[in-house]
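Enquirer: Take a look at the letters that make up each chain.
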Amino acid sequence: MASTPNAATPSEFTVTPRSLLRRWSGADEIAHLITLIAAATLLLITALLVYQLWVHSAEARAKFGWSFFVTKTWDPVAGDFGALPFIYGTLVTSAVALLIAVPLGVGAAIFLAELATPKLSSSLTFVSDLLAAVPSVIYGLLGVFLLVPLMRTTIQPALKKTLGFLPLFQGPSYGIGFLTAGIVLAIMIVPFVLSVSREVLLAVPRDQREAALALGATKWESTWKVVVPAARIGIFGSVFLALARALGETMAVTMVIGNNPKIAASLFTPGYSIAAVLANEFSEATGNLYLSALIELGLVLFLLTFVLNGLARLLILITTARGSGVLPT
Amino acid sequence: MNVRLAWRKSLNVFMLSLTGLCALLTVSALFFILGYLVWNGGKDLSWSFFTHLPAPVGEEGGGMANAIVGSLKLLLLAALFGVPIGLLGGVYLAEFGGRTVPFLVRYTADLMNGVPSIVMGIFAYALVVMPMHHFSTLAGGIALGIMVIPTVLRNTESFLRDVPPSLREGSFALGANKWRMVATVVLPAASRGILTGVLLALARVAGETAPLLFTAFGNRYWSPGWMQPTSSLPVVIYTYATGPYEDWHRQAWAAGLVLLGLVLITNILVRAFLTRGTAYERT
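Protein sequence lines, in the order shown, are assigned to chains A and B. Take the first sequence: its letters are residues 49 to 377, numbered as in the working numbering. Take the second sequence: its letters are residues -9 to 273, numbered as in the working numbering.
Okay, chain B solo, but in the shape it has when bound:
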């Protein structure tokens, strides 16, 4: 009997430490990735990286100013297109919805969230690029915007639901009608969480490459206006990393560091901002 007990106890210790090892491995991956990028990309980051256009193919030097601006333009379009729809849709689900429509919308949003980003690229290609017969910033922005909608919608809904009912009842008691209650009481109360959701959604699409490959395409020069193909950070990283030049590889590391830094900093700041000093307990 004692042997059996000893076996069970050692199995207990062994398996539990194994789960600890799993957790350690998973978590250390992030620090490894970050460290490796800083190590490889840090030394090639310079001022000209942010201010110069790419050098002609085969020549050394140059920067990615056009890709950075292109990414910002794409994000702006994505926000303009995706955030209002997601936000208002979320308000509908939380405040106005009945039973069947919200269920359908919620389920569809979750499913759309899992649709591969490259399929969104095909969709934007068929929707915008095919009728216009050329690649454009607009097409890329729409592809990213569609990806923003489900996240913003679900986030907005869940944060609105967290607003205590007493606030709603209070404003009703003061004689407000529903839209007033929503616009002046509930939305401001949930604004911090909603903003968080929007920023996280934008940070996610900021790193998307696949939907831009055949919508925004790429451009080695500045892209004037919204109807020309444009460069963007993720696509440049992909092109440079798979390209044949040593100098391109170095620049890909530097651009990777910039992109990862932006995404991680946004995530950390936004999540810290969310958890600190919320007005009410989240359950």
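Isolated chain A (complex conformation):
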């Protein structure tokens, strides 16, 4: 290396080991610059993502404006596009998923944080992490061949018999539909609720629990009236995180929701979600307007999850950073 002529150095500059060393100290700046560029690439990619979604949805935005979000028709042949059925489907399936997943996940998190021995707790958390790693198409596979027939023959008729007076549980049982998609989503997001909730529960200082127990509270009372309220902001954070997952989840929902752009009160109706319509129609979209309407749906999905995630991170940060044990006011 020392014998390599360097064009940048003046010819009278003799290359000795000592001068080489001195020159290398500039390598700190080079390393700094290279790593900075890598970090900035992420920011650049994010900016480019927003830019691409914005530019390529321009045609649909110009043509439909805000009415895009309140129009019910989705007719690619006539070139008439409204996002309402998809937004409705996304929100309904996510709501069903949260209704099931939040009690389940928070309950399990309470068990892991408060009751289980550290060893049991960490091995169960390990299993829950594995559950979060299961690819979404696998959930879809089980949904199509296991849950859908089960819903059609058993669960939906049973719900109709017991809760059929509610408009939510009426109409024919197809098996596919909002409820099925919501249940699959629930199973998928429980691990996220669980792992984050467990962490924020564990962040509540020990003396809070001990003080409650010393006052004569039962274990459950100390958990429910002291620990959970102290961690509630972080638990909300975990719920937002899970909601963001549920909104953007694509494959499993696409496979069981029914792919039918309809708005109906009954959870048994086959519906559609934003992610599902993207998965189904994007590669077949003919014409610029069709494609740009789909990309606008992508933009909506992106903004929704971006905001929700930002909010969730903030809430979790607040609870875990609060540290030494003052109850939130």
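Calculated directly from the structure, the hints in this document are not laboratory data. In this text, all values refer to a predicted model and were calculated from it rather than measured experimentally. Treat the hints loosely; a few may be bogus.
[To be verified] Cut-off 16 Å, straight-line C-alpha distance, at most; resulting in silico cross-link-like pairs (EDC-like, lysine to aspartate or glutamate):
1. B:Lys33 x B:Glu236
2. B:Lys(-1) x A:Glu269
3. B:Lys168 x A:Asp76
4. A:Lys273 x A:Asp255
5. B:Lys33 x B:Asp237
6. A:Lys273 x A:Glu258
7. B:Lys168 x A:Glu77
8. A:Lys310 x A:Asp123
[Unchecked claim] Across the chosen pairs, the derived CB separations fall in these ranges:
9. A:Leu365 x B:Trp29: 38 to 46 Å
10. A:Pro220 x B:Leu94: 48 to 56 Å
11. B:Gly160 x A:Asn328: 54 to 62 Å
12. A:Pro220 x B:Met122: 41 to 49 Å
13. B:Gly52 x A:Lys310: 31 to 39 Å
14. A:Leu81 x B:Leu185: 20 to 28 Å
15. A:Leu147 x B:Leu94: 29 to 37 Å
16. B:Trp29 x A:Leu81: 54 to 62 Å
17. A:Lys111 x B:Tyr97: 51 to 59 Å
18. A:Thr202 x B:Trp29: 16 to 24 Å
19. A:Lys209 x B:Lys33: 33 to 41 Å
20. B:Leu185 x A:Lys209: 51 to 59 Å
Glycine included, each C-beta is placed from N, C-alpha and C at the ideal position.
Given the structure of chain A, go ahead and fit chain B onto it with the hints provided.
Expert: Positioned in the frame of chain A, the structure of chain B alone reads:
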């Protein structure tokens, strides 16, 4: 008073067992999924599944060799594209960063981590497929690569931060400059954790279907080079599971078992490797 105490005590027992039930339900889901896939997919796994091309539509038999190779190619591209950026970015955050830029990068990485994978598909479509006017392995690889970056970056940063300051001070005391300290002391000390993070990120995108639907698309034959559409395991599972043929459904189960097996084995091995014999205590 005694009635009240009895009520409180029974409520205590009841609610606590309820939380135990929640935990049991959640955890048993994994074993149920795994068991059901082995039950349904195991019997259709054969040697030809791994070595043959798909049979013509409507005919029985055939395999998924092209999908397996396609998935590997996509993962290779994702690693080549995403890992260097994530790794160097993580080094910046942990070793060189000031205050504002690292905060911004960290927050953006966390947010990008939560962006739905289908949106990444749209991004890669607009970035690669639109200018090239056709689907390609390259586009799919880039979509997956972008998804790898935030995870690798955050993981690298956190493992670098776990390296004890005494190691840094020691190498400074020996006269190393910063980049030398990072490259020869800190990075090797954290290499196990960083490798773990990379493998977990790759295992995650290996199961992604949505970003490939309109980037790598699909292909019933071999995909030569990097500019042709390619088949991949997750997309084939989706196509076969929603297709009309009984034989396709059987193959979807088999492919599902292979995919889930690969993802779970990677996760288990990598996590076991991480927790065993770390040189220093993680806090």
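Enquirer: Does the Cβ-Cβ separation between Trp29 of chain B and Leu81 of chain A fall within 54 to 62 Å?
Expert: Holds: the Cβ-Cβ distance is about 55 Å, inside 54 to 62 Å.
Enquirer: Given the proposed pairing of Lys33 of chain B with Glu236 of chain B, does the C-alpha separation stay at or below 16 Å?
Expert: Within the cut-off at roughly 15 Å; holds.
Enquirer: Taking 41 to 49 Å as the stated bounds, is the beta-carbon spacing between Pro220 of chain A and Met122 of chain B within them?
Expert: With a Cβ separation near 46 Å, Pro220 of chain A and Met122 of chain B satisfy 41 to 49 Å, so the hint holds.
Enquirer: Falls inside 54 to 62 Å, the C-beta gap from Gly160 of chain B to Asn328 of chain A?
Expert: 58 Å, holds
Enquirer: Against the range 29 to 37 Å, how does the distance between the Cβ atoms of Leu147 of chain A and Leu94 of chain B compare: consistent or not?
Expert: 36 Å, holds
Enquirer: Would the pair Lys310 of chain A and Asp123 of chain A pass a check requiring their Cα atoms to be no farther apart than 16 Å?
Expert: The given pair, whose Cα atoms are some 12 Å apart, holds under the 16 Å limit.
Enquirer: Pro220 of chain A and Leu94 of chain B, beta-carbon distance inside 48 to 56 Å?
Expert: 52 Å, holds
Enquirer: Is the straight-line distance between the alpha-carbon of Lys273 of chain A and that of Asp255 of chain A 16 Å or less?
Expert: 14 Å, holds
Enquirer: Lys33 of chain B and Asp237 of chain B: Cα distance at most 16 Å?
Expert: 13 Å, holds
Enquirer: Hey, Lys168 of chain B versus Glu77 of chain A, does the alpha-carbon distance stay inside 16 Å?
Expert: Answer holds: Lys168 of chain B to Glu77 of chain A is near 9 Å, not above 16 Å.
Enquirer: Going straight from one Cα to the other, do Lys273 of chain A and Glu258 of chain A come out at no more than 16 Å?
Expert: 13 Å, holds
Enquirer: Does the structure keep Lys(-1) of chain B and Glu269 of chain A at a Cα separation of 16 Å or less?
Expert: 10 Å, holds
Violation of the numbered hints given earlier is confined to hint 17; every other hint is satisfied by the structure.
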